[in-house]
Structures are given as structure tokens and as C-alpha cells.
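Undergrad: Sequence:
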Amino acid sequence: MAPPGVPGQQGAPPVQQPGPGEPYRQPQQHQAPPQQGPPPGIAQSSLWTAVITPDREYFAAMMQRSGPEAAALNLPAYTAEHEMPLGGHQVTIGRRRNSTGEAPDIDLGRSPEDPGVSHQHALLISQPDGGWSVVDQNSTNGTTVNGGEDPIQPYVPVPLRDGDQVHVGAWTTITLRRG
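When the count follows my numbering, it moves up by one through the sequence shown with no breaks and lands on 179 for the last residue.
Across the chosen pairs, the derived CB separations fall in these ranges:
hint	residue 1	residue 2	range
1	Leu47	Pro68	43 to 49 Å
2	Gln120	Val51	20 to 26 Å
3	Pro157	Tyr78	30 to 36 Å
4	Ala77	Asp107	19 to 25 Å
If you are wondering where the hints come from, they were derived from the structure by calculation, not from laboratory data.
C-beta: ideal position from N, C-alpha, C; glycine also.
From just these sequences and the hints, can you work out the full model?
TA: This is the structure:
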């Protein structure tokens, strides 16, 4: 017995023959629609870049909301902007653990170290549509998006768009850029 779906075989739909005066037409084959653009996942995600900078405005706002223990913090006089292409399924944000040498993908423990960043602070997670979401990993000082005063909820993905800013630690802003 032939497998179902083979024309003319048991279990297959009957093949329609043309009637008198009708032209013969090829039976339609079921094909997947052609993909447009790069496939979802890593290929699309690699079109994104994280721009990591110390942010004077975020630092000032954070200082106003913080307690007296933050009074000793100073924004570094100069820290170069750093760009990192995003790829893979997730990108970790945090500080290197000196005891184990374990380092996140975006290591904010490099000089000048942002003292407000947890070792496992947040994740950037690639989405099926090629975009990214940020997920706070229950960090000590929280994660905010686009200058918001209230931290995002731990372990809850927050979708990001081109130009969105993720704020972590005492002064670090990570701006996501597409393309």
C-alpha cells in the first residue's frame, strides 16, 4: 500500500481530470512560501549592536533616588564608548567574578568598574522576530529601561526596540541599535 498523498493511490485525494474543452493543469504541489530576508534567530539578531556608555544623566537621577551610601560614588571622568555586536540566543550583563574568572558577555567590571552592577545582573534574550528583550536577573540594584524610575520586574522579559536604553548599575547605559 502506498503512503497517503500519492495521486492515484488508496488514501490519496483523487486527481481531477479536465472536462471536455478544459485545458489540463498540473496538480498543485504544497510548497512552503519562500523566506524573505535572513532566517529568524541568530542571523537577524546579529544585525543588532549594544552601545555601552557611562551616562551622566542616568547617574544624576540614580544619585537622587539613592540613599546616603551612594554619596561616595563618582562618575568616571572619562570612559570610552564600547560597541558590541549581539548574537546567539542570549547575552549576559554583569561583572566578572575574580574568584572563578567567570565573566559575562558584557563585563561592566572592567576599569572603571561600575560598582552598582551585580555579577549576574541582566540578560539580553533574542526573540523569534529577530528583536531582543531584557530580563533582570533579580539584581541588587535593578534594571530600568528608557529612563524609567521603577526597575523592571525580575525574570520578566521586556521587549526592546531600536534605540531603547537599558540602565544598570550606578552609571551604565546600554543602547540597542538595529542595523
